[in-house]
Amino acid sequence: MKGIKIGYSEGYIQKEALNSYADKIDSIHRILHSQAEYGKMPLGWLDLPIKYDEKELERIKSTARKIKDSSQIFVSIGIGGSYLGSRAAVELLSADSTQILFAGNNMSGAYLQSVIDAIGDKDFSLCVISKSGTTLETALAFSVLKELLEKRYGKEEARTRIIAVTDRDEGSLRRMTEREGYESYEIPGNIGGRYSVLTPAALITMAAAGIDIDAILKGAGEAYRVYDNPRLGENACYQYSVLRNLLYGMGKGIEVLINYEPSMEYFGKWWQQLFGESEGKAGKGIFPATLQFTTDLHSMGQYLQEGSKNLFETIISVENPPADVSIPFCADDLDGLNYLKGKTLGYINKAAYEGAMKAHEEGGVPVISLQIPSLDEHSFGHLVYFMQKACAVSGYLSGINPFDQPGVEMYKKNIYKLLDS
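Under the working numbering, the first residue of the sequence shown is numbered 1, with each subsequent residue one higher.
Heads up, a few of these hints could be off.
Claimed, not checked - In silico DSSO-like pairs for lysine-lysine, Cα to Cα no more than 30 angstroms straight-line:
1. LYS151 <-> LYS122
2. LYS269 <-> LYS252
3. LYS341 <-> LYS358
What the hints assert, rightly or not - The following label-pair restraints were derived from C-beta to C-beta distances:
4. ARG65 <-> ARG30: 39 to 49 angstroms
5. LYS5 <-> PRO328: 26 to 36 angstroms
6. ARG30 <-> LYS122: 31 to 41 angstroms
7. ARG30 <-> GLU58: 34 to 44 angstroms
8. PRO262 <-> SER70: 55 to 65 angstroms
9. ALA359 <-> ALA110: 51 to 61 angstroms
10. LYS15 <-> LEU337: 19 to 29 angstroms
11. GLY363 <-> LYS5: 48 to 58 angstroms
12. ASP123 <-> ILE348: 37 to 47 angstroms
13. PRO373 <-> GLY399: 30 to 40 angstroms
It is worth saying that the hints were derived from the structure and are not from the lab. Don't be surprised by glycine CBs; every beta carbon is placed ideally from N, CA and C.
Kindly produce the complete structure, drawing on both the sequences and the hints.
Below is the structure:
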């Protein structure tokens, strides 16, 4: 793969403006990769693709094989980074017979009941993912589903069907895990939830879905090497960070991430949390939104074309989609599509991408384009790492800490206070 291909609307951003950030990027790169910064910030994700525990990876794959042998359904219980990253991978890459369901990502009783209904009388296992064990959405869903599991199999067997991914030493879930003897994995203490896609927090669910997690880590490892380069002109990841900040400085306070493959919907949602939670603080930050084209082009294209000019687009395109369909010939041509005979939907999708991009640029909307070669595990791992590093650098550029989330902690405190009153 060797790197994501990046482009941008040069009518809005001059190369000189981009290049003017070269020294600042060089400085941020050196700070980010310094031992001093590694000791202060949760930067364990930064070198994870080249330092992951191979024995732990083999254990994850062994756990996944046991799940497939014993369960028709695997329920992944988590929220935020413990949910969106793994779901992004499952939606994009899964083709396995084990059905993956997700719970603990909301407080809707109707949603949780739909999960229970989907389980029905099928064999199932649970994976609960929470660093503290007190995240309300996750804890509530786990409580309900654990009771269902124990009624189905009895407490002894139920324990063998529960996997916990939590803090190594402390927290209510760690205490429960030790008491009940659940199989467990550690969420590394120096990696925050939204940067945890390449840890057991997401890898277990991916492996249970039949996804090649070795290939994901290999793609991330490639990205580590490609973007471990302080020279802005040679680093597409850093260019993306700078381009975002340049456009933000021009009053473009909303970034719309767009892709043309429906299977990437949850990748967009993961990206949205990564950047929103990392940058939205201290009265600063680009507001991240995500759209699915061409579906949303019919509903939002008008706004993008002629609405407020306070936004820019970042478009992810896929050079070689995994499958395609040709347009057939119709003898009477009643549908008027014979001029497209023999062309593929992929070809037409690309034309839609190019046509919409040109129209929006002409309508006053700057565009950043990111091209990946394919929709496979290697590209997924590469793109995840690209976005994680771009997000961190973007935060450093804007002068905020991209690794904390004080606003999230505040609303949690208010919820607990209301529930306890």
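* **Unsatisfied constraints (hint numbers, rising)** => 6, 8, 9, 10, 11
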